[in-house]
Amino acid sequence: MSVGAARGLASSGQKPITEILHPLSAAEELLSPGPDVTVSVGGNREPGLTNGMTVETLSPASVSLLFNRLHLDDSLAEADTKDTYATTETRDLFVTVDDPKKHVSTMETYITYRVSTKTTRLEFDLPEYSVRRRYQDFDWLRMKLEDSQPTHLIPPLPEKFVMKGVVDRFSEEFVEKRMKALDKFLKRVADHPVLSFNPHLNTFLSAKDLNKRQGLALLTKVGESVKHVAGGYKLRARPAEFGTMGEYLDTFSQKLGTIDRIAQRILKEQSEYLTELREYGTVYSSWAGSEQELQRPLEGVAGCVSTCCGGLEDLSENMSQDFLPVLREYVLYIESMKNVLRKRDQSQAEYEGRLEAAILRKQEDGTPMPVEVEKCQDKVECFNADLKADWERWQHNKRQDFKQLLTGMADKNINYYEKCQAAWESLITLLQGKPTEDKTSETN
Amino acid sequence: MIMADSGSSEEVAVIGNTDLTSAESENNIINTMVERGTALLRKMEINVAEAEKRTGKNTVNMQETYTVYLIEVRPAETVPEGGTQAPPDTLWRRYSEFELLRTYLLVTYPYIIVPPLPEKRAEFVWHKLSADNLDPDFVERRRVGLENFLLRVASHPVLSNDKIFFLFLTEEKGWREAVLETGFQDKADSRLKSLSAMFRVKNPDKRFTALKHYSDELNTVISQLLRVRARVADRLYGVYKVHGNYGRVFSEWSAIEKEMGDGLQSAGHHMDTYAASIDDILEEEEHYADQLKEYLFYTDAVRSVCRKHELIQYELEMTAQELAHKKQQKEELATGTVRIFSLKGMTSKLFGQETQEQREVKLAALEQSIQEGEEMVKQKNTECQEFVQAAWDDIERFKEQKDKDLREALINYAIMQISMCKKGIQVWSNAKECFNKM
Numbered sequence: 001m002s003v004g005a006a007r008g009l010a011s012s013g014q015k016p017i018t019e020i021l022h023p024l025s026a027a028e029e030l031l032s033p034g035p036d037v038t039v040s041v042g043g044n045r046e047p048g049l050t051n052g053m054t055v056e057t058l059s060p061a062s063v064s065l066l067f068n069r070l071h072l073d074d075s076l077a078e079a080d081t082k083d084t085y086a087t088t089e090t091r092d093l094f095v096t097v098d099d100p101k102k103h104v105s106t107m108e109t110y111i112t113y114r115v116s117t118k119t120t121r122l123e124f125d126l127p128e129y130s131v132r133r134r135y136q137d138f139d140w141l142r143m144k145l146e147d148s149q150p151t152h153l154i155p156p157l158p159e160k161f162v163m164k165g166v167v168d169r170f171s172e173e174f175v176e177k178r179m180k181a182l183d184k185f186l187k188r189v190a191d192h193p194v195l196s197f198n199p200h201l202n203t204f205l206s207a208k209d210l211n212k213r214q215g216l217a218l219l220t221k222v223g224e225s226v227k228h229v230a231g232g233y234k235l236r237a238r239p240a241e242f243g244t245m246g247e248y249l250d251t252f253s254q255k256l257g258t259i260d261r262i263a264q265r266i267l268k269e270q271s272e273y274l275t276e277l278r279e280y281g282t283v284y285s286s287w288a289g290s291e292q293e294l295q296r297p298l299e300g301v302a303g304c305v306s307t308c309c310g311g312l313e314d315l316s317e318n319m320s321q322d323f324l325p326v327l328r329e330y331v332l333y334i335e336s337m338k339n340v341l342r343k344r345d346q347s348q349a350e351y352e353g354r355l356e357a358a359i360l361r362k363q364e365d366g367t368p369m370p371v372e373v374e375k376c377q378d379k380v381e382c383f384n385a386d387l388k389a390d391w392e393r394w395q396h397n398k399r400q401d402f403k404q405l406l407t408g409m410a411d412k413n414i415n416y417y418e419k420c421q422a423a424w425e426s427l428i429t430l431l432q433g434k435p436t437e438d439k440t441s442e443t444n
Numbered sequence: 001m002i003m004a005d006s007g008s009s010e011e012v013a014v015i016g017n018t019d020l021t022s023a024e025s026e027n028n029i030i031n032t033m034v035e036r037g038t039a040l041l042r043k044m045e046i047n048v049a050e051a052e053k054r055t056g057k058n059t060v061n062m063q064e065t066y067t068v069y070l071i072e073v074r075p076a077e078t079v080p081e082g083g084t085q086a087p088p089d090t091l092w093r094r095y096s097e098f099e100l101l102r103t104y105l106l107v108t109y110p111y112i113i114v115p116p117l118p119e120k121r122a123e124f125v126w127h128k129l130s131a132d133n134l135d136p137d138f139v140e141r142r143r144v145g146l147e148n149f150l151l152r153v154a155s156h157p158v159l160s161n162d163k164i165f166f167l168f169l170t171e172e173k174g175w176r177e178a179v180l181e182t183g184f185q186d187k188a189d190s191r192l193k194s195l196s197a198m199f200r201v202k203n204p205d206k207r208f209t210a211l212k213h214y215s216d217e218l219n220t221v222i223s224q225l226l227r228v229r230a231r232v233a234d235r236l237y238g239v240y241k242v243h244g245n246y247g248r249v250f251s252e253w254s255a256i257e258k259e260m261g262d263g264l265q266s267a268g269h270h271m272d273t274y275a276a277s278i279d280d281i282l283e284e285e286e287h288y289a290d291q292l293k294e295y296l297f298y299t300d301a302v303r304s305v306c307r308k309h310e311l312i313q314y315e316l317e318m319t320a321q322e323l324a325h326k327k328q329q330k331e332e333l334a335t336g337t338v339r340i341f342s343l344k345g346m347t348s349k350l351f352g353q354e355t356q357e358q359r360e361v362k363l364a365a366l367e368q369s370i371q372e373g374e375e376m377v378k379q380k381n382t383e384c385q386e387f388v389q390a391a392w393d394d395i396e397r398f399k400e401q402k403d404k405d406l407r408e409a410l411i412n413y414a415i416m417q418i419s420m421c422k423k424g425i426q427v428w429s430n431a432k433e434c435f436n437k438m
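Each protein sequence line maps, in turn, to chains A and B. Counting in the UniProt record's numbering, the first sequence runs from 1 upward without gaps. Counting in the UniProt record's numbering, the second sequence runs from 1 upward without gaps.
Source of the hints: derived by calculation from the structure; they are not laboratory data. Just so we're clear, the structure is a prediction, and the values are computed from it rather than from any experiment. Please note that the accuracy of each hint is not assured.
Here are the computed lysine to aspartate or glutamate pairs in the DMTMM-like style, where the Cα-Cα straight-line distance is at most 20 Å [as the list claims (entries may be wrong)]:
#1 B:422 with A:425
#2 A:362 with A:374
#3 B:120 with B:89
#4 B:258 with A:411
#5 B:432 with A:411
#6 A:412 with B:272
#7 A:255 with B:259
Please work from the sequences and hints to get the whole structure.
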């Protein structure tokens, strides 16, 4: 499936969307508490806030247009259309999550992270923002995005639940890992041509305080309705490509799981190797103590072993800090993607159900096709288009990410071996060198 | 016959330690031996060429499987004078025969640090290696170890000239009988005797005490090192082999990918290569372990020399004590005083004084045995001095050899590590290239 095709579909669904688009709903005003944020993204509306209906919002075609326009400005030179997702030149929204801080109050202890924004987008009043957000706030944002953009793939957040006692939630390592994952999440949202224009993101990035109550109430409603539709309806004509996507995700998540297990196992083996290696070095040192002629050579070996230990430590740390989290993210990403696929199926099921009912009625008493059926059809088509675009984008990102991840792994290993090699080579010069040379290497 | 010829010269050397010989003549013998010893390896080339499994009946008529080793001896071509006798080029020896040879050397040359044999059973092995005595890898490593032992003996200034050693290399039949004929077993010290000597020596030689202490330390540290090394090898093996799993999963994953597929697939192959490379690496490292093991077993040889010295020292002290005791008796008898309580003093008090005549006879006898004792002390002293000198010569030689060998072993180890690093860099660079193509 090429990008061109996905885009074509997106624009084909444009007309019906604009028909059902409403001007900015009142709900938006409620959700954007700060006067410092003006939400000007057209087409987004809160689903069923007023009447409780679960009419899911479709991604606005105008946003896609805007995206295209933005891209055309800078990326015309890019011949490869696949790269249009990731070109940094066209990016006008930069977000960073860093500087974790621990807050201790009588009620709870939690960590906040600094969320810094730099943007040239007109939707933002200021070119720069810096706010502090905690995990809950990210969670809120994600729910809001999922809620208001049900046809889109929302990047995953790091796991919410942490087994108490097993993982220290306030340990430097855990906070660092989570911070990186949150940063990744926000960057992915900010780089998304549709999601980045979501007013909730705007609020999240710029508002002093988040008013999250409405958001939570809404989610439960949507959740219920989703369950309602998912009644095991067998789709008549699910396009084969979505089936293929599902199958791909199943296999991919299986392989990722295996890779994750292998990596964990390597980490375990490495840490046990490190323990033994440290002791190994110590034995050489103690041997050096009882020798005269051999003292320096033995000390040299102990030094090399210790250098190798250091290199190995770096290697392992890199793996647990950078390698495993990416695998983790993609496992969750797959879940998000499966979720979207499910929702698409539901949307199609709804349409097919209504269509069937309408045809029956038409046959019985000649009732004309109701408008809702048409709307449903449009919805499914938009869903398909959005999903395909997101799929392509996700595939592209995945390829880039894994290329980077695996190349990085190779680099780190090469680096480790180079470090060890250098140490052993310097030992050989020391062992074969003249006493005068020995002295110079001793001072090193 | 060369056997008889070298046998007589051998006897001089052996007996030289137990019999009364001057230190000078002893030194001369050793010196000539140094020259003749270094000549042996110049005269002949020694190999343990191969190992073979055999099955036969042992002394208690039980079926057993054992390994024999083929010893090849070739006259070195550079030497103009041919061998006095045409020895068989090849002969087979069992490990137990090597053991007998070493025991013989150990008893015959108590002042020499006799090179150790390779281990009888595989020790300090990591899990992958079999501890089976008939395992081909083990047999091969033992073959190398036995050859090394023969070369060590053949290059030793004293041992290389031993007639029994020469026969070991050249006479397949009748060698065992020839060894037993030397009567070396009678000279072997009982364990109990040396144990008591260890605890009762009054004035131990500080140099030997230090040497004993050092060899204990070396023994501890090398065995510790070998133990940890085996564990390190185990773990390293694990790290590499687990990487091999990437090979399979990358290949499976590549099946569902389009652009990434090829890169993943070939990267998977490199991961397989990586996992497989550890076998050779660790097999090579086993050679380093064997070098360390040789010195671990050398520490026993060093301790054996120390023990022998203690024994000689103890005998000397005992003789001296005996002499002192007799001198005291003589004094008592002469002056008629009893300085310390003794049974003799008691009996003389109870049964009255001896007659003058009796005392004269006794005094003369005492005088006689004091003279003998003095002679004995002198002899033991010389013996001890000779031992110390001969032993110390060999200890110095050993120290030099040890420092050189171990330094070389460490350099080789470093080279092995570098080669492992290079292999690792190579494989990961190849894999990186594949990843980059994704």
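Taking the hints in turn, this is what the structure says about them:
1. B:422 with A:425: Distance of about 11 Å is within 20 Å: holds.
2. A:362 with A:374: holds (15 Å)
3. B:120 with B:89: violated (26 Å)
4. B:258 with A:411: violated (24 Å)
5. B:432 with A:411: Holds - the C-alpha atoms of residue 411 of chain A and residue 432 of chain B are around 7 Å apart, at most 20 Å.
6. A:412 with B:272: The hint holds at about 18 Å.
7. A:255 with B:259: At roughly 17 Å apart (the allowed maximum being 20 Å), residue 259 of chain B and residue 255 of chain A satisfy the hint.
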